[in-house]
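2 protein chains.
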Amino acid sequence: MPDSRQLPVIQPGQGLPPIFDKIAIIGLGLIGGSIALAARELWPKGLVIAVDTKDVLEEAMVRGAIDVAADDLVVAAEADLVILAAPVRQNIALLEQLQKDVTGSAVITDVSSAKRAVVDAARHLPARFTFIGGHPLGGAARGGFTHARPDLFRDRPWIFTPHTDGSGEALEKLYQFVTALGARPTTMTPAQHDRLLAYVSHLPQLAASALMEVVGGTAGVEGLALAGRGLVDTTRLASSPANVWKDVCATNADEIGAALDTLIGRLTELRADLGHGDVLEEIFDQASRSRDELMKGRS
Amino acid sequence: MPDSRQLPVIQPGQGLPPIFDKIAIIGLGLIGGSIALAARELWPKGLVIAVDTKDVLEEAMVRGAIDVAADDLVVAAEADLVILAAPVRQNIALLEQLQKDVTGSAVITDVSSAKRAVVDAARHLPARFTFIGGHPLGGAARGGFTHARPDLFRDRPWIFTPHTDGSGEALEKLYQFVTALGARPTTMTPAQHDRLLAYVSHLPQLAASALMEVVGGTAGVEGLALAGRGLVDTTRLASSPANVWKDVCATNADEIGAALDTLIGRLTELRADLGHGDVLEEIFDQASRSRDELMKGRS
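Chains as they are written, first to last, in the numbering used here: chain A, 1 to 299; chain B, 1 to 299.
Careful: at least some of the hints might be erroneous.
One copy or any two copies: either way a pair holds, since identical chains are not told apart in the list.
[Said to hold, decoys possible] Mimicking DMTMM-like on lysine to aspartate or glutamate, the simulated pairs with C-alpha atoms at most 20 angstroms apart in a straight line are: (1) 296 / 222; (2) 296 / 233; (3) 296 / 285; (4) 173 / 78; (5) 45 / 261; (6) 54 / 67; (7) 173 / 155; (8) 173 / 41; (9) 22 / 72; (10) 45 / 80; (11) 100 / 282; (12) 100 / 71; (13) 173 / 254; (14) 45 / 21; (15) 100 / 80; (16) 22 / 169; (17) 22 / 233.
Calculated directly from the structure, the hints in this document are not laboratory data.
Bound conformation, chain A alone (with noise of 0.2 angstroms):
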């Protein structure tokens, strides 16, 4: 796996070759919006065509985040990278319209955070393009294109789905794409992707926002004045977008069911055990080596 720290410093205006001449971004928020801010820097020659509504398109020219914009995706219909980059389930729905405004014979890919579905749905898409889906693990807590940054990826996992054996060029080209934005690439199946965000990114959210809800609800804004880093931290994915989200859990319902259990199930035995407290020994002694294990060789 090419490690992004041993990468040259990208210098904006350089004029490298561009890895794709057009690329096309469906939906401009975090994610997209960061994709194509960092597109512009590395490959002014290259071509960032986006598609979203007109307000989001507007703030995204102002700041030179895009080339050409369009609420239509027939803007899309000679781009040989199409990056679908909305909610999953409209991800997916894209897919059945690319058909018919894309073209040419591009490489397709997504970043949606629940992948089974997606790759299923890629499916069915014609033999001229390949489909690869994949996943920055940028992480921001809200999203939006106003929060987008160029060096969101910088350093972060990318992780991609390939599900069949065609995929060898288009793979090793978002490769370098990626790199090139400063993430670390990696490859997993769209089924060992989704069991483990469930627990390391999906669980998480859930948590932090089910949390903010309980805490905030009961001790009212007087109460949340008295609260310390420790409920900021813990809460901080607590202002993250709901649309997103839904469409997260529907899509990954299966695994986040299951890991939602069984957080449920400590909690549940915690709360039983509240009086005694070996429950809550073995809950903080591996959540201890956890912890230390989570933080091993991050800065």
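Assemble the complex: chain A is given as a structure, and chain B must be docked to it using the hints.
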């Protein structure tokens, strides 16, 4: 309530007249150790007496945190302020022992995260003592004297739970004392404290530890390596020491139990509705508003 941000900056070695001449701190962990370090900086003419194990006392002596050290409470015989800074149930046991070893008319306070049990136990103290329960909301992920620092309380709330009418003068001195440490003193009843803290502190701690245990147990070391800042933040509290939290849970079991029930209930409703997402939308919308309230006025 005094606002520490409007106070002059503390000048170490300035030689301010001490608010208490002889401070005895029982338990030099994160909180007790931080109080000791701050008191020595603020009041060079005052005496800081510490009771803990030999190893901890040696480290504290080396760091210049204390003047007098012993592993026996008799060393605190003539203290005019005794601060109980051990885990909650040890603090309760120490109240018994104090009656024998502390011979003067000391002000006694504690720093426990649960207040009803300590305040109830303190009702049996002889009349020469004035007991006022206290709780500095210091907030650091790791306990122990090693992590103690004199600015731990700066701009943080310090809740007192006075329970008798005769504590006016002592409370005023404690307010001066913790204000000098940089804290923002406030009062509430022990019951109000325990209910509020169950939500803004105890529940987030238990949720963070349980989440880290569940995620770490399933994702393994390789999976954790792919986790993003979301998991890192959400589980920052997961390094907290089990022994401290066993005592908090045992002495605030009713309020923490109710808070856990609410969280478990919401997670269960969320889990049953993953495919549809109505509960998710409710939770995320309320959580997002509460998060904004939590962050209001914080830097």
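Verification of the supplied hints:
1. 296 / 222: between (37 angstroms within a copy, 11 angstroms between copies)
2. 296 / 233: both (19 angstroms within a copy, 14 angstroms between copies)
3. 296 / 285: within (17 angstroms within a copy, 34 angstroms between copies)
4. 173 / 78: within (18 angstroms within a copy, 76 angstroms between copies)
5. 45 / 261: neither (50 angstroms within a copy, 58 angstroms between copies)
6. 54 / 67: within (14 angstroms within a copy, 69 angstroms between copies)
7. 173 / 155: Result: close within a single copy only, 18 angstroms intra versus 52 angstroms inter.
8. 173 / 41: Within. Shortest intra-copy distance 18 angstroms satisfies the 20 angstroms Cα cut-off; inter-copy 61 angstroms does not.
9. 22 / 72: So residue 22 and residue 72 pass the 20 angstroms test inside one copy only (16 angstroms; across, 76 angstroms).
10. 45 / 80: within (14 angstroms within a copy, 76 angstroms between copies)
11. 100 / 282: neither (56 angstroms within a copy, 37 angstroms between copies)
12. 100 / 71: within (16 angstroms within a copy, 80 angstroms between copies)
13. 173 / 254: neither (33 angstroms within a copy, 58 angstroms between copies)
14. 45 / 21: For residue 45 and residue 21, only the intra-copy Cα distance (8 angstroms) is at most 20 angstroms; the inter-copy one is 74 angstroms.
15. 100 / 80: within (15 angstroms within a copy, 84 angstroms between copies)
16. 22 / 169: within (17 angstroms within a copy, 76 angstroms between copies)
17. 22 / 233: neither (40 angstroms within a copy, 37 angstroms between copies)
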